[in-house]
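Trainee: Here is how the chains run, residue by residue.
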Amino acid sequence: MGGTAVNAQFASVDYADIQGIVRFAHAHLTDASYLLLKVADPHAARAWLRDAPVTNAVGSSPLPANALQLGFSAPGLRALGVPHSVLTQFSLEFLSGIAGDADRSRRLGDVGANSPQNWTWGTVDRAPHLVAALFAAAGTLERFAATLRTDAFERAFDRIAELDTFNLDGVEQFGFTDGISQPEVDWQRQRRLRGDKPSYSNVVSLGEFLLGYPNEYDRYTERPLLNPGGINDLLPAAEDDPSKRDLGRNGTYLVLRDLRQDVRQFWSFAKTTELASAFVGRRQNGDPLVPVAETSQNLFTYDSDPQGVRCPFGAHIRRANPRNGDFPRAPSGPVGTALAMLGLQKAGFHDDLTSSVRFHRILRRGREYGPKLEPAQATLPAPADDPPRGLRFVGLGANISRQFEFLQNAWLASADFNGLIGESDPILGNREPGPHGLPTDAFVMNRANAARTCVNAVPQFVTVTGGAYFFLPSLRALQYFSRAGEEETP
Amino acid sequence: MTPQAAFFVLAPIRNDKVDELLALLETMNAAPGHADPHNALVPFGEFDRLHFARLCILRDQTIGDVAAYGLPPPSYPLYLAFLGDVDESAETFLTELAARAAPGLARLFSHCEGFEPGTDVFAWMKRHAAPAAAWYANWKGRTMLQIREEAALREAMEKYLDDNAGAVAWATPVELHAMLRHYLSAEIAAARLTMTPDPPTHLGWWISNAVASVAPVLFAVLLSPLLAVLAVVLLVLVRIHEISDPVICPDVDRKHRETIATTEDRDVTNVFSALGTLKPGAVRRTVGFFGLLLLNYACQHVYTRGRLARVRTIHFARWVWIDGKRRLAFMSNYDGSLESYMDDFINKAGFGLNFVFSNGIGYPKTRWLLADGCKDEQKFENFLYRHQIYTQVWYNAHSGYTAVDLQRNAGIRAGLDSRALNEKQARAWAALL
Chain E
2 MGGTAVNAQF ASVDYADIQG IVRFAHAHLT DASYLLLKVA DPHAARAWLR DAPVTNAVGS
62 SPLPANALQL GFSAPGLRAL GVPHSVLTQF SLEFLSGIAG DADRSRRLGD VGANSPQNWT
122 WGTVDRAPHL VAALFAAAGT LERFAATLRT DAFERAFDRI AELDTFNLDG VEQFGFTDGI
182 SQPEVDWQRQ RRLRGDKPSY SNVVSLGEFL LGYPNEYDRY TERPLLNPGG INDLLPAAED
242 DPSKRDLGRN GTYLVLRDLR QDVRQFWSFA KTTELASAFV GRRQNGDPLV PVAETSQNLF
302 TYDSDPQGVR CPFGAHIRRA NPRNGDFPRA PSGPVGTALA MLGLQKAGFH DDLTSSVRFH
362 RILRRGREYG PKLEPAQATL PAPADDPPRG LRFVGLGANI SRQFEFLQNA WLASADFNGL
422 IGESDPILGN REPGPHGLPT DAFVMNRANA ARTCVNAVPQ FVTVTGGAYF FLPSLRALQY
482 FSRAGEEETP
Chain H
23 MTPQAAFFVL APIRNDKVDE LLALLETMNA APGHADPHNA LVPFGEFDRL HFARLCILRD
83 QTIGDVAAYG LPPPSYPLYL AFLGDVDESA ETFLTELAAR AAPGLARLFS HCEGFEPGTD
143 VFAWMKRHAA PAAAWYANWK GRTMLQIREE AALREAMEKY LDDNAGAVAW ATPVELHAML
203 RHYLSAEIAA ARLTMTPDPP THLGWWISNA VASVAPVLFA VLLSPLLAVL AVVLLVLVRI
263 HEISDPVICP DVDRKHRETI ATTEDRDVTN VFSALGTLKP GAVRRTVGFF GLLLLNYACQ
323 HVYTRGRLAR VRTIHFARWV WIDGKRRLAF MSNYDGSLES YMDDFINKAG FGLNFVFSNG
383 IGYPKTRWLL ADGCKDEQKF ENFLYRHQIY TQVWYNAHSG YTAVDLQRNA GIRAGLDSRA
443 LNEKQARAWA ALL
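So the protein sequences, as listed, match chains E and H. 491 is the number that our numbering gives the last residue of the first sequence; the numbers go up by one with no jumps. 455 is the number that our numbering gives the last residue of the second sequence; the numbers go up by one with no jumps.
If you are wondering where the hints come from, they were derived from the structure by calculation, not from laboratory data. Everything numeric in this text was worked out from a predicted model, so none of it was measured. Some hints here could point you the wrong way.
Taking lysine-lysine and the DSSO-like style, the derived pairs with C-alpha atoms no more than 27 Å apart in a straight line are [stated by the list, open to error]:
| hint | chain 1 | residue 1 | chain 2 | residue 2 |
| --- | --- | --- | --- | --- |
| 1 | H | LYS446 | E | LYS272 |
| 2 | H | LYS387 | H | LYS347 |
| 3 | H | LYS387 | H | LYS39 |
| 4 | H | LYS162 | E | LYS347 |
| 5 | E | LYS347 | H | LYS39 |
| 6 | H | LYS148 | H | LYS162 |
| 7 | E | LYS373 | E | LYS272 |
| 8 | H | LYS387 | E | LYS198 |
| 9 | H | LYS387 | E | LYS245 |
| 10 | H | LYS39 | H | LYS162 |
| 11 | E | LYS198 | E | LYS347 |
| 12 | H | LYS387 | H | LYS181 |
| 13 | H | LYS148 | H | LYS347 |
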């Protein structure tokens, strides 16, 4: 585990072994739902899994008419009969679960209204064993779902919940174009991983998003490695230790988090698109508040706005991705680099307050739910049968604690991100007071040549209503799971 | 300037008294691991010059790691550590502490060897003092008085800005500075705010600090040919050891990690305590010794203004030799979660971390002392989590404020202390508000 990637001749990536969702958002499949299931009959479940038409990451033309992706929670793998010795090699946070203990919940900001005890699913008897994510072309989701519900399926699983989605054409419920900031995955394995990366780059190593490949530290993230023999030979050899079979390779972790958005509250409070845009850090059409390359709304950094005058330091997208490299400014020459490393060069107030971003990226694959509510209607009184709206947040990454949990804790929920005081993410913050009742519900906007303006008592706009950590296996690992409980493993 | 100081009392616990002591320590807390400032034993909250304090039982689950070198497991005493960071001198603080909390301290120390009824608490603490091999303070001379006054100052200024949003909206930074200065002097006159001027630095401290800052450099320059040879020889010897030194970083013990996590993230600042054994042999002993000497010099004379290398989240930290330099304790107070502390460590001060900690048994493999090591991120985290120990009682006098918050508050005050700022200075100052 954790060996250095030394081999220069890397094998190319086997897309046929990877679940499609890692590579594609399935955007053309506008209808989707997430089935949260519990294993009722392990034997039947394994039988269904053996033949489940799981979509791989091979690009096809024409595009597929539907897609199925499967993720398993730690209790799910246990229920399927995965041996204890294998299970314990998964990451601690996966084994513990998103709502596994009060300390994790505190770190994630899942307290107060966000507290797991209020969740509609994800805890105790409503903790899913697996998630089946179904994607289909407009109007065909039910037909696709029916093809999956074989007799074996009905015997195999109990249904905890079916999370429906609503196609808002790439716009999230508050009315902002979403999904723009995505890392560019180094599928070709071209990225040089040794040494510092002084400036921000949107290209991130494959190992950050798939297990079994070198990550940004040029190391293989820990995952179950098994001895050869028996059904373990369904799995590929580990690249960093060919004497072992790699259960993780081509798989990754999936965080599913149900976020209910109070659209009426948001627009009633923000009132203007200016303030709403400052909260988000983008205009509604997706343009960031700082200048951007003409070719892409995702090609920019905050170097042009060191004082947070155009885009507030606390704006959602500046928290979720501060877009900085390993150093606040790229050092020049060996002396400059040495001084920078030692922290001896002249530094600004904000220098080194945020971590290098490349270790904390995620792939986002979420979908909205609930019908659209235009900002103009959002300020009107709600009808009695106002449907819930929100986001089924899906984040993929090889290391939940360093990626999703770090991002959620140190950047989004933190009341002192980047030297701020008394704020939390303007979109996602739970506004729960800090120690000694210190507030976390402010939002400061700096202005050039003038005093900052501050919005106080920002209400909670988004409430967490469910969540779970899943392992998204490779197709070969799926075959392994479908047999693990049936046979003796070496 | 009034520089800060540190105290560290270390005493073996009587074998039959460990559980009793644990139960007693528990009574001092308001939340898991977090002291009630007004607890009956040591009411930390009553001591104006105390920044941080902790009581910690040094239970080291890695003592047996010497087996990797073919050595039998040594038997060390189980210690109680009582440590803190204060203004002025440790001696002054401990005198005050003994005067006001002697009965509570006596109850705690009665669980330790050599403390009998009637033992003088102050003298006993002095006798059991363990000096730090290296000690870091985020900002030299930032006293608790200053921290309190500046926190109140910032709060008042923020309130003024909010209450007078209309009037300040179009003020330039220079005008804003004048307005807030005017408001501040009115608040001071009305005795709602106090801005105690920084007292002159004690001459004795100033002289000894100047000597301590210059002498090692002169010494190093004079002996540079010898030191250079020594350094090269040591480095080569270290390189030879690095190749064969065993790495002991097993998967995290879930229960151990989760037990410590119960105390974490209840404040913006967290406590960290860890313990480990030095690798056997003269080479590691020498490198470890000189490494901490150098680190301490850097802490005392280079990193005195808000950053340790590039890390800005550490309030206080110390490295203490115990058991005749065979084991090392590391104790710190840091901002943010443990995961972000690790990130800071690895990505902003990795070389320094390797330099000091790679002399400990089991550390991830380094290359030429400074490279690799902690860059093997997960192994390093496993190593650290395993060496981390539970801190039974922790007190933070400025709970809720990060080191950067304190730096910001001081910056706001410094600006207001100036009669007038030019446009550029005023802009930089206004950006702190």
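Trainee: Determine for every hint whether it applies to the structure shown.
Mentor: Evaluation of the provided hints:
At roughly 35 Å between alpha-carbon atoms, LYS446 (chain H) and LYS272 (chain E) are farther apart than 27 Å, so this suggested pair is violated. Of the supplied pair hints, the one linking LYS387 (chain H) and LYS347 (chain H) holds, its CA atoms being roughly 22 Å apart against a limit of 27 Å. With a CA separation close to 39 Å, the supplied pair LYS387 (chain H) and LYS39 (chain H) exceeds the 27 Å bound. For the given pair, LYS162 (chain H) sits about 18 Å from LYS347 (chain E) by alpha-carbon distance, which is consistent with the 27 Å threshold.
Proposed proximity of LYS347 (chain E) and LYS39 (chain H) is contradicted: the alpha carbons are some 52 Å apart, above 27 Å. The straight-line distance between the Cα atoms of LYS148 (chain H) and LYS162 (chain H) is roughly 24 Å, inside the 27 Å bound, and the hint therefore holds. A threshold of 27 Å between alpha carbons decides the hint, and for LYS373 (chain E) with LYS272 (chain E) the separation of about 18 Å falls inside it, so the pair holds. Of the supplied pair hints, the one linking LYS387 (chain H) and LYS198 (chain E) holds, its CA atoms being roughly 22 Å apart against a limit of 27 Å.
A threshold of 27 Å between alpha carbons decides the hint, and for LYS387 (chain H) with LYS245 (chain E) the separation of about 22 Å falls inside it, so the pair holds. Only pairs whose Cα atoms come within 27 Å are accepted, and LYS39 (chain H) paired with LYS162 (chain H) is rejected, the gap being roughly 39 Å. Among the hinted pairs, LYS198 (chain E) with LYS347 (chain E) is consistent with the structure: their alpha-carbon atoms are about 20 Å apart, no more than 27 Å. Taking the CA atoms of LYS387 (chain H) and LYS181 (chain H), the gap is near 52 Å; set against the 27 Å cutoff, the hint is violated.
Taken as a hint, the LYS148 (chain H) and LYS347 (chain H) pair is honoured in the structure, with Cα atoms around 20 Å apart against an allowance of 27 Å.
Hint compliance for this structure: hints 1, 3, 5, 10 and 12 are not met, and every other hint is.
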